[in-house]
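Residue numbers (our numbering), protein chains in the order written: chain A, 8 to 305; chain B, 616 to 898.
In case anyone wonders, no lab produced these hints; they're calculated from the structure.
Zero decoy hints are in this set.
The calculated lysine-lysine pairs, modelled on BS3-like cross-linking and capped at a C-alpha distance of 25 Å, are:
no., chain 1, residue 1, chain 2, residue 2
1, B, K704, A, K246
2, A, K125, A, K168
3, B, K671, A, K229
4, A, K69, B, K716
5, A, K69, B, K714
6, B, K671, A, K250
7, A, K69, B, K671
8, A, K206, A, K90
9, A, K229, B, K765
10, A, K229, B, K843
11, A, K246, B, K695
12, B, K671, A, K265
13, A, K250, B, K704
14, A, K90, B, K716
15, A, K246, B, K671
16, B, K694, A, K250
17, A, K229, B, K864
18, A, K250, B, K695
Sample of chain B residues with no beta-carbon within 12 Å of chain A, all distances over it, derived:
no., residue
19, D647
20, D649
21, S660
22, K714
23, S725
24, K754
25, L766
26, A812
27, K835
28, L841
29, K871
Note that the Cβ used here is the ideal one computed from N, Cα and C, for glycine as well.
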Amino acid sequence: MKYYFKVFGLNIRSEFPFHGIKKPEEGFFDVDVVEGATPFSLSNSNTIGISFESNDSQFLLKIPNVATFLVENGNKIIVQVDKQAEFREVELFFLGTAMSVVLMQRGIVPFHGSAFQKDNKCIIISGHSGAGKSSLLRYFITEGYKVLTDDVCALSINQNKVILTPSYPSSKIWEDVMDKFDLEKRNSEQVRPNIRKYKYDLSDHFIESSLEVEAIYILNSKNVEAFDVDEVKGINKFKELQKNLYRPRFPEAMGRQKETFIILNHLANQAKVFHLTRSSSIQLLDKFNQYAKQNIIG
Amino acid sequence: MPPLPKNIVWLVSYPKSGNTWIRILLSNYLSDEDKAVDINSIQTSGIASSRAILEKYIPFLSSDLTFSEIDNLRPEVYKKLSEESDGIKFIKTHDAFTKNKNQQDIFPISATRAIVHIVRNPLDVAVSFAHHSNIPVQKSIERLNNHSAKLANSFSRLNNQLRQKLLSWSEHYYSWKAVDTPYILVRYEDLIADTEAAFRKIIVFLYNDVDEVKLKQAVKYSSFELLKEQEENTSFKEKPIFAESFFRKGIAGSWKEEMTLEQSNTIISEHKKAMIELGYLKL
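Let the sequences and hints guide you as you build the complete structure.
Right under this line is the structure:
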């Protein structure tokens, strides 16, 4: 049985019914996902990292207790599922790292962040894991904004503009944020059995069109009872963008430094970049969200 | 394959035992400038439990992994970090020295150049930890006595820090003491009594040599009064939001004013052996 769906703007034919935008069955697809045996090691890897090996056309990704993914030429993924793994766990790493590898192999830059539509452009909320991206994105959803992606931003150049192609209509939300926004956990599933982060459907809040990037807000939290927004300028813009790639070591591991440089450099010229600092105090979250909206939307 | 370079010096301590002070002393000693290092730009290489260090090396998001899966990756991360460093990396940690589920040391010996282990009287630690965490002293005592105490152990939210196994105060002390690698034990109380002498021992241990001018400068610029003044003027990013200040008293023995006899006895009976060994308790 084959399933056809779309993620990150790519048509997928898959032996696994992963979450994506459903589309009618047809002959054409960009990426073929099959279940099969993956090698223990690549015969010609030029990078051996922690839980991965890679060369210019192949990437072997080993997720402990879940699956091994062999991603080739940006158009094929072989998945060897571990015996004890649950489907949702395989899906989690397929949509995250494995698809980011596909993007990188195709010269599309996977950037770490969530994005929502503002007029006919989009805003990226970036920052390290735990900075509060999903929480801020959730606030913009409650304010009526449409989402393009949560966690991975697929960036490419189209008609001389850096655009973001929407990923798939689902987000991952930690239990504390679910509680904070009174989201119903009953209808949501944990991303993995032992992790209290929930898969949350975004179909009603999702936009399928690719949009030009207007600005990037790099979120971080400080142990102070104050907020701050500060524009990044000059060469630091590029450096900050590079630091916030989905996985900063991917371009080198896959021999895609040149494509990455071109896209990030273009983005640094096109978009404004800000550091947005929140307080680590959860009590100040509402005030911070309003502060962020005032600064981002005006 | 050639052996891994051993580039990591672990700055080890139970929380609130003077680790930050050692990092500031080292930063000032290694600084080329004749002025106090900014407390918010301490030139050591962060904390081992930083999620950012892990994220730098792994191909997936650490937030999609369980605590024990992360523990299984940590030795590999520190080996890579050591391998890619062109010199000594001073890395702070509050973790106890434990093994992961794969029976590997979380802090691999093959990447470890040395251990600087800072200890402090647990009676003072309990009081200081209570102020730092904004919790009653009794709760802090329970943590010191808890054999499975952990930091950043929340299941419902993502923490900037990785989950750290602390164990009880004594177990923490003995876990690091038993590691077979170059090791120096530093008592916080000795650092207070004669900072220059205690810090000189650390520098000689690390470098087999000491620059006396830099040493005196480092001690001068790391005085408790100066650190407190810096914190009052600029605030310190490592201070928890609800703690009044990070640099609080900087003295030994303040537990006597902030703890009941019964409370101190609870600590003493649990940690008697280590306290005697460290000179915190006379027989």
